[in-house]
Amino acid sequence: MHEFSLVMSMIDLAEKAARADGARRITRLRLEIGALAGVVPEALEFAFDGARVGTMAEDAALEVTYLPAIAYCATCQSEFELDNRFGIAVCPACDVPSADLRQGRELTLASLEVDG
Amino acid sequence: MSEPIDAAARGPAQAVEPRAAATASTRDVTVSPHGAREAAARVVQVQKSLMTHNDGVAAANREAFRGSLVLNVVSSPGSGKTALLERTVRDLAGELSVAIVVGDLETDNDAERLHAAGAPSVQIVTGTVCHLEAEMVARAVEQLDLDGLDVLVIENVGNLVCPAAWDLGEDLRVTLLSVTEGEDKPLKYPRIFKDADAVVINKVDIAEAVGFDRARALDSVRRVAPGARVFELSARTGEGVGAWLDFLRERRVAKAAAHDAAARG
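Line order of the protein sequences matches chains A and B.
Here the first sequence is numbered in the numbering used here, starting from 972 and rising by one per residue.
Here the second sequence is numbered in the numbering used here, starting from 391 and rising by one per residue.
Hints were generated in silico from the structure; no laboratory data involved.
All C-beta atoms, glycine included, are put in the ideal place defined by N, C-alpha and C.
Heads up, a few of these hints could be off.
[To be verified] Just so you have them, the derived chain A footprint on chain B, three or more residues with Cβ under 8 Å:
1) 432–442
2) 519–531
3) 581–587
[Said to hold, decoys possible] Distance windows between CB atoms, simulated:
4) B:D537 / A:D1020: 43 to 53 Å
5) B:P467 / A:R1056: 16 to 26 Å
6) A:E1016 / B:E496: 21 to 31 Å
7) A:F1017 / B:A648: 22 to 32 Å
8) A:E1029 / B:A450: 25 to 35 Å
Based on the sequences and whatever the hints tell you, model everything.
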């Protein structure tokens, strides 16, 4: 249940950004999560429901975009999307395994909608 | 009390505003019913990782660790992290100085075991937290003498999911797997194996008794973590531990050399 720690960080970042913008209230948070970030969507929503109480994001909607895992193949020098949920990165063109993950670990607060 | 008079005076004006706002709010359910606020609604770009704070503290830890080789050891509970570290500390005694920071939800049993093995050890009791964060490690190492320390081992909370995202300031991530856990563990918990610099398969002394399929386990590790060094050993009997110790010796020399080179500028 590390999602609670993540949500606390997210609200902290969001409140700082909202205050810096002179906002009074956060109405929406846009989060980007990589396929290999190890985050359970239900746990994230559950944690958010608890953590937002008493914060600027108390009434905010949480919008999550899931990003596919992308690896880089050194042989053909191109990126490819992983076709499985196991983190197995084998280039479909060269059949060579890759340890160079270019996308999939993201835990990014992309933007907010605020008012006030 | 002037309340009733006030309410009567404001009544008609207030009745109009919510109706007007109601039309606007059908466009977006999250918009406030107050007209003024609605007009000020806007998007703020953030583009920051949720790990920003942790990563900053981890970078400071890395700075504070200087030339010491730092390991972050992760596994499920009962894979033998503490047993491997006891063995490591005993076998390196007199050769390399090793200190340990160990995280558990409760008790300081592990720190006591490691202390008995001969390493200065600090226990982090996390309570309900399922992983270590860089800040916990920063506080814990205040109790250790880092000056001239060869190896610092951070034994994470036994958990194959939660510790994965938290950088603690380590040089190497070591993920343990024991032969009783199932050969497909790396496939079930890809992130923590994918980020591993070294994968240790422990308890090989009982592999046969538990019907461990070695080829299948190695294949799982290679598929998820093609770049990781793999060690098959038994912390209990000492079988295969030599290669693991050589790996630590080699990486410690490399770390100290890199640190010295950076210090010379």
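Here is what the structure says about each hint:
1. 432–442: holds (count 11)
2. 519–531: Held - the stretch 519–531 of chain B has 4 residues with a Cβ nearer than 8 Å to chain A, which meets the minimum of three.
3. 581–587: holds (count 4)
4. B:D537 / A:D1020: 43 to 53 Å: At 47 Å between Cβs, range holds.
5. B:P467 / A:R1056: 16 to 26 Å: Between B:P467 and A:R1056, where Cβ atoms are some 24 Å apart, the hint holds.
6. A:E1016 / B:E496: 21 to 31 Å: Once the Cβ atoms are compared, 28 Å apart, the range 21 to 31 Å for B:E496 and A:E1016 holds.
7. A:F1017 / B:A648: 22 to 32 Å: violated (43 Å)
8. A:E1029 / B:A450: 25 to 35 Å: For A:E1029 and B:A450 the Cβ distance comes to about 33 Å; the hint holds.
Figure legend: structure checked against the earlier numbered hints; the only hint not met is number 7.
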